[in-house]
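Chemist: Okay, here's what each chain looks like letter by letter:
Protein chains: 2
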Amino acid sequence: MREEILEMGKRAREASHLMAKAKSAQKRDALEKMASALRRERASIYAANRADVDEAVRKGLGKAKVDRLIVSEKVLDEMISGLEEVSRLPDPVGEVTRMWTRPNGLQVGKMRIPLGVIGIVYESRPNVTVDAAALCIKAGNAVILRGGSEAFHSNCRLAEILRESLAESGLPGDAVQFVGTTDREAVLDLLGLEDYVDVMIPRGGEDLIRFVVQNARMPVLKHYKGVCHVFVDSDADVEMAKEICLNAKVQRPGVCNAMETLLVDEHIAGGFLPEMAEAFRREGVELRGCEKTKLLVPDCKSATEDDWYAEYLDLILAVRVVSGMDEAIRHITKYGSQHTEAIVTKDFERAHRFVQEIQSSLVLVNASTRFNDGFQLGLGAEIGISTSRLHAFGPMGVEELTTTKFIAFGNGQVRD
Amino acid sequence: MREEILEMGKRAREASHLMAKAKSAQKRDALEKMASALRRERASIYAANRADVDEAVRKGLGKAKVDRLIVSEKVLDEMISGLEEVSRLPDPVGEVTRMWTRPNGLQVGKMRIPLGVIGIVYESRPNVTVDAAALCIKAGNAVILRGGSEAFHSNCRLAEILRESLAESGLPGDAVQFVGTTDREAVLDLLGLEDYVDVMIPRGGEDLIRFVVQNARMPVLKHYKGVCHVFVDSDADVEMAKEICLNAKVQRPGVCNAMETLLVDEHIAGGFLPEMAEAFRREGVELRGCEKTKLLVPDCKSATEDDWYAEYLDLILAVRVVSGMDEAIRHITKYGSQHTEAIVTKDFERAHRFVQEIQSSLVLVNASTRFNDGFQLGLGAEIGISTSRLHAFGPMGVEELTTTKFIAFGNGQVRD
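These protein sequence lines are chains A and B, in that order.
Read in my numbering, the first sequence has 152 at position 139, and its numbers run on one by one without any break.
Read in my numbering, the second sequence has 243 at position 230, and its numbers run on one by one without any break.
Treat the hints as calculated values from the structure; they're not laboratory data.
Intra- or inter-copy, both count: the list cannot distinguish identical chains.
Subject to a maximum C-alpha distance of 25 Å in a straight line, what follows is the list of computed DSS-like cross-link-like pairs (lysine-lysine): (1) Lys23 x Lys238; (2) Lys123 x Lys418; (3) Lys36 x Lys418; (4) Lys255 x Lys305; (5) Lys418 x Lys238; (6) Lys123 x Lys359; (7) Lys255 x Lys314; (8) Lys347 x Lys123; (9) Lys359 x Lys34; (10) Lys87 x Lys76; (11) Lys36 x Lys123; (12) Lys347 x Lys238; (13) Lys34 x Lys418; (14) Lys347 x Lys36; (15) Lys307 x Lys255; (16) Lys76 x Lys238; (17) Lys34 x Lys347.
As the structure is a prediction and not an experimental result, all values here were calculated from the model.
The shape of chain A in the complex, shown without the other chains:
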């Protein structure tokens, strides 16, 4: 096995050299061909997927897990339109982001180049195979994919189709490789390939991510969790605050950019919290509040210290009344996960201070935390959200799958 994974690494490195030279038109063409091929090969994809789903049912996997496995017509359509969207994004490679001239006449600049070889380790959803590969290809990288064993047949079939489309566009099929085994050891082997894989991106639950971080010898781009806060300032527009808080909590509670803790300035809490609690009650949200919150919302449960750290991913919300901005910032700094924080206020100075002092991957003024997403922020697509500060902090689009090299144009300059 070790030998097989090592060979994949070597082939990926070779392919990455060719991908780095690929023309934009070629990469666009390959992505379009992939979309057409998925459309043409619907039947064989469904058949492969049926094998996975049947096996999952036979093994007695829970309904939620089986649901995530299923490649329905809608899921396949989304993969296809995702490929088409990524194909139309501007090519980040080759962009000269800055250029300046030194006193000796040497012209120095920074040029965007691919990262090289990207490893993706993920869990059950087969769409990651297509979505992640598309972004890596667009940015001129080679990718090694290792999906969950439950989706093995689906992933193999999808990867096969992607490889054929690459070859048809004159690009190396090995720019997309799928680890063709369900052997757990293979993941460890992959995480040890520091000379052949430049970065590892785990996608899935916290356990998977911690496993990757602990075993990877190359850098890892990841986020563990999102404990996102909305701070309703004393000078907030109460109606706006209610809409933002409701959206941040209930529009999709199971995702990392949903609000988990609401902080309310004590000067506005009396006029705001009872109405807000009523709105949450109508949506079935369970509140867990501090003592001051409970005085204003009598049927509210008591929050414990653990609640301030909790990522519920559910219709549960921790609520704390704070004495003002200072306490809000202290709370976020202590309990937050540096993912997404929002303030609702009409006051310029406090908005400005919140943006300066909160060091999360996205800091918003008067908007919902749910906007922390590559599509929503205008990156075109995203491969994940990073809460590590190195390389990328926040949603990662195609640009975050590149790096920059220095370039210098001279006419004979030497050093004294």
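Dock chain B against the given chain A, drawing on the hints supplied.
Modeler: For chain B alone, coordinates are given in the frame of chain A:
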């Protein structure tokens, strides 16, 4: 010990929150105060340094190692002027590098913020204590320093002075902490502090760097070695090529951006190599050439396969005659270390292609490889050169000690 290092990590994290809010004027003031304090405290610094040097001599350390330890008047003056230069650099923190508006009116941007806590593990030179701390402070970070045991007294005294100057400027002294023990275990403890140290930067020999990479649980910014190439194209200006090659090899052979392998197009080799070899001979450079080189330079030694991988850091040069651009690029891709590569040519298309296809941290046209250096490229100062592609690739200045967060300004936007 573990407990002591853990406490340092916690104090660094606390200090980093305050440093992130520090005003530019405060940071500039602290750096200026550091410079004045070093000037004022010359006597106590020399005394501490004498203790280190005496002990090194007693232990029988080699002359080169002892030389590196010595804080002479010149070395101290350089530390002082380094502090003054860094103090005058523009503050990278708070810069909004881009800002755009989404269709829903949400204004989205990226704002530069400090990385957080930076760990530096280094070997004997005490100037690293001051130089590295200055760059970390300028970029709004806290830093934990762990220098070589030989320079223990010097480093302790220098760190003490830096801490006092921080406190005098109203900044937390704990933004600079020095691991006050020569215990080797302390390095391992430090490398395990993933929750408190955001990035580790090793400075020193390849052994030290490999040790840090293998044991660090946080990301590492590093480079192992520089096997730098100059390619003299068939269409090179021969005089320019000679000057650039001579400078790249002999101006300072012991550093990572010196040329280690010279590649010459066979069409120009006959007119170029004999003269070039003569110039190298005058400078005492030993040549190790391929078969074709030896035909043109009869007294040249034979290069073995190992020579193409070698970082001599000495007056030795591997020389290969290549059939043209394709072979030159293949050679660099196979044997190079992605550090620095230069082409000498008058031909636009080949210059263009070389810059596009070589994926090293600096690619030059018609200039010496010796320019891969933060000062020389105009970054103001450097903390090191990265040949990892994540986060930073090439020389790292104050900007590379920061990251960016997303910011968003709305007027009530929520997600559909």
